[in-house]
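Which chain is which? The protein sequence lines are H and G, in order. No gaps in the numbering here: position 99 of the first sequence is 121 in this note's numbering, and each next residue is one more. No gaps in the numbering here: position 81 of the second sequence is 96 in this note's numbering, and each next residue is one more.
Because the hints were derived from the structure by calculation, they are not lab data. Keep in mind that a hint or two might mislead.
Said to hold, decoys possible - Residues on chain H that point at chain G, a partial pick, calculated with CB under 7 Å: (1) A114; (2) Y139; (3) R146; (4) S169; (5) M178; (6) G179.
Unchecked claim - Distance windows between CB atoms, simulated: (7) H:A186 with G:I295: 21 to 31 Å; (8) G:S416 with H:A156: 22 to 32 Å; (9) G:Q380 with H:D101: 14 to 24 Å; (10) H:S161 with G:T288: 13 to 23 Å; (11) G:I295 with H:A75: 48 to 58 Å.
Given the structure is predicted, the values throughout are model-derived calculations rather than measurements. All C-beta atoms, glycine included, are put in the ideal place defined by N, C-alpha and C.
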Amino acid sequence: MSKLSNILLACTALIAVAGCAKKRPAVLPPAPVDTNAPVDPNAGMNNGNVGGAIVPGSDADFQRSVSSNTVNFGLDMYDIDPTARAILDSQAQWLAKFPNQRITIEGHADERGTREYNLALGDRRANATKNYLAAKGVSSSRMTTISYGKERPVAMGSDDQSWAANRRAVTVVLN
Amino acid sequence: MTRSILGFFPSRQTLPVAGDRSTHGNHPGGGRGPIGKVDVTTRNDHSAASPNWAPAFAGVVHLVGGRRARSVLASVGLLAFVSGGAAYAQDAPAPQQTPADPAAPAAPAGDQSGGLVVDVTGGISAPMPIAIPVMPTAAVVSTPAGSTDVLGRQLSEIVTNDLRNSGLFTPLSPGQLRPVSFPEVTAPGFEYWGSTGAQALVQGFIRANGDGNLTVGCYLYDVSSKAELTRTGFVVSPSDWRRAGHKCADMVYTRLTGEGAYFDSRVVYVSETGPKGRRIKRLAIMDQDGANHRFLTNGQSIVLTPRFAPNQQSIVYMSYLNNRPAIYVYDIGSGKQRLVVANANLTFAPRFSPDGRNILFSMAQGGNTDVYRVSSQGGTPQRLTNSPGIDTGGSYSPDGSKIVFESDRSGGQQIYVMNADGSNQQRISFGGGRYATPVWSPRGDLIAFTKLGGGFRIGIMSPSGGGEKLLTNDWQDEGPSWSPNGRVINFYRSGRGSGGKADLWSVDLTGVNERKIPTPLDGSDPAWGPLRP
Numbered sequence: 023m024s025k026l027s028n029i030l031l032a033c034t035a036l037i038a039v040a041g042c043a044k045k046r047p048a049v050l051p052p053a054p055v056d057t058n059a060p061v062d063p064n065a066g067m068n069n070g071n072v073g074g075a076i077v078p079g080s081d082a083d084f085q086r087s088v089s090s091n092t093v094n095f096g097l098d099m100y101d102i103d104p105t106a107r108a109i110l111d112s113q114a115q116w117l118a119k120f121p122n123q124r125i126t127i128e129g130h131a132d133e134r135g136t137r138e139y140n141l142a143l144g145d146r147r148a149n150a151t152k153n154y155l156a157a158k159g160v161s162s163s164r165m166t167t168i169s170y171g172k173e174r175p176v177a178m179g180s181d182d183q184s185w186a187a188n189r190r191a192v193t194v195v196l197n
Numbered sequence: 016m017t018r019s020i021l022g023f024f025p026s027r028q029t030l031p032v033a034g035d036r037s038t039h040g041n042h043p044g045g046g047r048g049p050i051g052k053v054d055v056t057t058r059n060d061h062s063a064a065s066p067n068w069a070p071a072f073a074g075v076v077h078l079v080g081g082r083r084a085r086s087v088l089a090s091v092g093l094l095a096f097v098s099g100g101a102a103y104a105q106d107a108p109a110p111q112q113t114p115a116d117p118a119a120p121a122a123p124a125g126d127q128s129g130g131l132v133v134d135v136t137g138g139i140s141a142p143m144p145i146a147i148p149v150m151p152t153a154a155v156v157s158t159p160a161g162s163t164d165v166l167g168r169q170l171s172e173i174v175t176n177d178l179r180n181s182g183l184f185t186p187l188s189p190g191q192l193r194p195v196s197f198p199e200v201t202a203p204g205f206e207y208w209g210s211t212g213a214q215a216l217v218q219g220f221i222r223a224n225g226d227g228n229l230t231v232g233c234y235l236y237d238v239s240s241k242a243e244l245t246r247t248g249f250v251v252s253p254s255d256w257r258r259a260g261h262k263c264a265d266m267v268y269t270r271l272t273g274e275g276a277y278f279d280s281r282v283v284y285v286s287e288t289g290p291k292g293r294r295i296k297r298l299a300i301m302d303q304d305g306a307n308h309r310f311l312t313n314g315q316s317i318v319l320t321p322r323f324a325p326n327q328q329s330i331v332y333m334s335y336l337n338n339r340p341a342i343y344v345y346d347i348g349s350g351k352q353r354l355v356v357a358n359a360n361l362t363f364a365p366r367f368s369p370d371g372r373n374i375l376f377s378m379a380q381g382g383n384t385d386v387y388r389v390s391s392q393g394g395t396p397q398r399l400t401n402s403p404g405i406d407t408g409g410s411y412s413p414d415g416s417k418i419v420f421e422s423d424r425s426g427g428q429q430i431y432v433m434n435a436d437g438s439n440q441q442r443i444s445f446g447g448g449r450y451a452t453p454v455w456s457p458r459g460d461l462i463a464f465t466k467l468g469g470g471f472r473i474g475i476m477s478p479s480g481g482g483e484k485l486l487t488n489d490w491q492d493e494g495p496s497w498s499p500n501g502r503v504i505n506f507y508r509s510g511r512g513s514g515g516k517a518d519l520w521s522v523d524l525t526g527v528n529e530r531k532i533p534t535p536l537d538g539s540d541p542a543w544g545p546l547r548p
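Pulled out of the complex, with its shape left as it was, chain G reads as follows:
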């Protein structure tokens, strides 16, 4: 068992080597470790500094993946970043020192020099032009993830794709970018970037540390004000290197929009292939941008509706294993799964509570389906609804106090909200038509649903049922799932006829930026996981 770095966060299992993509369990890659958020005091004490460390950061340093750093680090007691950056083999100039208190959080989006703000309300009217040049490396070093110069290019591509796919940014095309030298990372050529029309500039660097880890630095600049807005640094293991790119994109996104982060997250879903009458369905997991895709089950049994546990170490889902449709908890790290409710004829539609302690699910008994709750360790279910109608599809509010679910007790599927103990069940959908698959946003402000009418459409409404808005308009869009910041919705779209297939799509909560999510095969039942720590 690896020991924690600095004792600040839990230990990690051995990380898989990049390229190891076994389909069955036995894969230690689950729940890729939390980041230890280490508050760093910028130190000018060169004697304590390791000569290999990056320029100083006057902000928070994030250790992504949690792998044990080498002993020099541990003995120092915290990551010492040399102000002045003189420790580089190459001549890296002193980074600009922001006057901010190292422990201060990033300034809110409204409080910026030059007023650089991305307006996210009311839709995406004018995406912000942003330049994200290739991230240089101090020295080209070969790592298990690739050589650092290639990684520097790929990192800028990850940031570019994340920001572009949010719909709120227009990254400059590669032809407009120019190479950035290592010293320029902290001393940008604002004149040039200003001439391209970019309003914001993201520069960074990557460095292979001596201990096998990689350090990625990420800086955000306001081009017209010629000012640095924020910076962050990450230490990652080679198998987690893409997360540094997503964290960098999240830093830029949150700084400029004021919204929560969501790029460093994963999606679990059902991969589909085969003819319509006998679909082969497999659980699959991937980064939200489609990378690091792997299958978790082999397709021998139908699998449906997987959802992450809040700690991201397991997935609850429904399987027809042994011809007994039931819900299981699948441990991502070990690949083992366990039955949640024993001796039941049909359990399905499971979801974890926000604290991970309970699993909400539906159980059919004698032709009637109700919503139940059970400890996530298994045990005796507790009944929450008791109507003669079909009650199913429960989802907790983010504070765990309420549950939204669907019921046809009034004659057709409608959306209801109740307290977490099952009391005070109130219908909230009154817009005409039928409503299904309600899911509470992680921000608590909205409920997404499938509206059934002529077609199936994805919609959102407030938790009291008002402000209904339909976001999509295709033949059959179903099963919404929220991004960690409550701004983007994943769902699946089915096609008509015998050749019709299902695919994963996403849409912004303002209804714009509808895009297909690339998957190796077809897909359904997407569930967006939490932001990775």
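Just chain H, same shape as in the assembly:
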């Protein structure tokens, strides 16, 4: 080959390489979800972020859009009180905007119950929440439930305030 051809080849190669340089995709794949633990609502702000921009339809978007991803319950109770209704209404609205997003609802109980009973109680709370959302038009096929009993508290104290915070159902958007 002639020297010119070599140079041309080299230049072409350089351009090609430059053109193959990886561009940052407009939308990053979602952050991996920890499959063995409830999503810490405080950490959720980073899910789906791309350089600070929250991806619409992600769990982070859900948390900043709805009034809360968590509803709370009275001692040994699993009924949806008026405060919870308002929160779940706002969740249902967001879920209507993103009909393809699936959710899991975690049910939790406070430490002042025995191990097995609390698993069942967490399940009751998750299902009560799911049933309310279903009544608000969220398709059941989008929703799964899981109970953590008293295994994953968010408040670590042994006082009424901590216990009240731990009696909860958390809606998590699955990415």
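Guided by the hints, dock chain G onto chain H, whose structure is given.
The following block gives chain G in isolation, referenced to the frame of chain H:
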């Protein structure tokens, strides 16, 4: 596959080498073999005797661990114990020959010379002073378990700790003990022991057999009557040597109290570590005295409420593996586990039936939890309860005919008993307050439970609900489990606040002798296994 010794009991897998403590399965140490209870006829036929065997026992000889003995043994047809003990390299005198029929069971506790009896009813009023000197060895031999002189000391420590921890005995302190020569094992120095105040004396010996096994002899004496009460011998593999100590302690305990044995048993539980909001939980197994502890799972998934199968070869428990809380049967020998119920959203609170054929468990469907039964091989569950309340926590009576469980169908958690087929469900708790986690005693006479009120307390009641007695009084005691003889209860105690942790504790059924069970980390959900055969 190892062949049975003498064909009297099932074969065993290879036993792990002492010190092998892998955390994952693949561990052949599960279900450490049954003992072949071989009735031995004391023989005076020296020609048939192996020169290595121990002094004759006029009682039952137990083979602990089931490892194949050497061929001399097999060809003899049974363990021949030479009366007279003249086969020892050292000069061991003839052991005292009790006149009892070799096949006769140990005499009941009330029928003893000198009336040596430990009163277990009504509480522990006066623990019996007992001397347990170091067990000598005929010849110091190095074994995989250690050298036999060290083992002899450790064996006496195992017996000492077991008996002391029962709360019914006060072993002499090491300073009051004196070395026991090998001949003295069967000819005790009663004058000396009497002067220490000991009422009972436990002496024994350990010997390394030529085939790698160890022989441990155990003798119990009444000091004031200067009489032997009972004796037993054990042949163990080096990896099972501690069981000989526990069996010896069980022999002493049952002979003097009339209660069933419980020292040669294991506990499975959930080892805990890490912060309160994200506890790392691992299945763990250990001897009831805390020895031979090992982890069975690696902590990646939350694990809860493990319980032994009656044959001790597997454990049923609940795991959040793959984010799907469900019950699994874990095979201790292979480390493999299998899902028990497929296609269920939430199964938990499992327990084996006494015959091992079924697993009782709870299943939540559509927000309602009921008690079900399924074959332990898996399959279609059979529903046993059907109330709109939360029904959970089932436990069988030891004869398998009834089940005790908890239900909040009346508004709060209470205890109910039903037939094993789910019929005739009757509430039995009426003491005011709420009741949970009921567990039937292996003796059938009592049900232990967690009582919820101001705090959580461990309690017991009769199967009809009467005679309620609370045994503990701390902030949060929960989840009782019975010892094999129905006398001691394990449970876990939680502490308050963000730094609160859970630990394993035990208490006697009379409410005394509350003690913490040592574990490497924190612990919860203890389940006491059956007496090992």
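message: Hint S169 (chain H) vs chain G: min CB-CB distance below 7 Å?
response: This hint holds: S169 (chain H) lies near chain G, its Cβ roughly 6 Å from the closest one there, short of 7 Å.
query: Cβ-Cβ distance between S161 (chain H) and T288 (chain G): within 13 to 23 Å?
result: The hinted range 13 to 23 Å is violated for S161 (chain H) and T288 (chain G), with Cβ atoms some 41 Å apart.
message: Can you verify the interface hint for M178 (chain H): is its Cβ closer than 7 Å to any Cβ in chain G?
response: Where the cut-off is 7 Å and the nearest Cβ of chain G is about 3 Å from M178 (chain H), the hint holds.
- request: So, R146 (chain H) near chain G? Judge it on the closest CB pair being under 7 Å.
  value: holds, 5 Å
message: Next item in the hint list is A114 (chain H). Is there a CB on chain G closer than 7 Å to its CB?
response: violated, 19 Å
message: Can you tell me whether the CB distance of S416 (chain G) to A156 (chain H) sits inside 22 to 32 Å?
response: violated, 43 Å
Hint check for D101 (chain H) and Q380 (chain G) - Cβ pair distance inside 14 to 24 Å: Since the Cβ atoms of Q380 (chain G) and D101 (chain H) sit about 19 Å apart, the hinted range of 14 to 24 Å holds.
- request: So, Y139 (chain H) near chain G? Judge it on the closest CB pair being under 7 Å.
  value: Hint on Y139 (chain H): holds, closest Cβ of chain G at ~6 Å, below 7 Å.
- prompt: Measuring from beta carbon to beta carbon, are I295 (chain G) and A75 (chain H) in 48 to 58 Å?
  reply: Distance hint for I295 (chain G), A75 (chain H) is violated at roughly 35 Å.
- prompt: Taking 7 Å as the limit, does the beta-carbon of G179 (chain H) come near enough to a beta-carbon in chain G?
  reply: Because about 6 Å separates G179 (chain H) from the closest Cβ in chain G, which is inside the 7 Å limit, the hint holds.
- prompt: A186 (chain H) and I295 (chain G), beta-carbon distance inside 21 to 31 Å?
  reply: holds, 26 Å
Hints 1, 8, 10 and 11 from the earlier list are contradicted by this structure; the remaining hints agree with it.
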